[in-house]
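Chains as they are written, first to last, in my numbering: chain A, 1 to 160; chain B, 1001 to 1174.
Hints listed in this document are in silico derivations from the structure and should not be mistaken for laboratory results.
Possibly wrong hints are sitting among the right ones.
What the hints assert, rightly or not - Derived contacts from chain A toward chain B, CB cut-off under 10 Å, selection only:
#1 K11
#2 A76
#3 H84
Only a predicted model underlies this, so the values are computations on that prediction, with no experimental measurement involved.
Glycine included, each C-beta is placed from N, C-alpha and C at the ideal position.
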Amino acid sequence: MSTVFQRGPVKPEMNMTPLIDVTFLLIVFFMLVSNIVSNERVPMVVPQLEDSKTRELGDIEKVVVSIAPASFSGDARLDAPLDHPGQARYVQLGAGQRFQLTQLPQLTEALRRETQKNPEVEVLLRGDAALYYGQVQPIMDAITAAGVGTVNLVALMPDD
Amino acid sequence: MLEAIAQPEKLDAPREHPPRRRRRPLSGGVGQLNLTAMIDVIFLLLIYFVVTSNFRTDEGVLTATLPQGTGAPREATELPPQKIELRLTAGVVDDTTVAIQQGTTTFVTFAQLRDSLAAQRLDPEAGQPNGLFEPDNPIVIQAGPNVRWQHVVNAFNACLAARYTNISFAKPVS
């Protein structure tokens, strides 16, 4: 029977196919983006401070220098963050560039390229709480050698 | 005759009153929207965001000045400011502990260090006209090579909390 002659009210139907198409597209997009975001966050426990004066860096251009701890054993360490080997495993600049501790001149060079691309960029130094100062200090030197005058040390924000 | 008895009624015999076709309701025929697909997608999105939404943790930053130069003494054309030297030494038995020293004074906690530094600050507006050090007096944090990074950042934070502005890190001292 042709719909023209169908009696009674018309039954509306929604075509969900484009919606599903778009949704899957979004899912794929967010999966890729979240990979990049999580790559930038090297797993570690950042220092917890007494009477912390940390502040939030607003929406500015920043490049994160992460110093990875010897291993990451998850949030179980949060109660005793210092009870962990103090050797650094690698240094990561931004989301993808990894350097061994013997490759600090390359880190300097890569950081110099970043700061030349954008002189306003803020450098964040994100190190694990348990790292030895003797491991961190050469990396601070490498950052200085790239012509960066100030770094932002990452620590936990105080609880409100 | 026998045959007629043995043969029961035909099962598929047409019933006398076939069921009437159900009538459409006369008015108010509401079309049904199939929401299943949309709900599927929405739950998918919900789960996705629930899983991915814990990327940000509550981390903040402390802006610091990096060590400059080679450590060689500068020209003695003017009297250099008396810098405050904070010495951090890791515990011998347990290197997660730290000893905090300013000169010969020893502190147990970083809160003590903060209070002591704040009391030494020259700040007439805050009622401290006799303080020893200007707020921009250099502070050097000298940490041993096996002092944990958390203690170093804590010392830095204590200096900031005592409202000093010129804090730097020295090379590891053993």
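Q: If any of the earlier hints don't hold here, list their numbers in rising order.
A: 2
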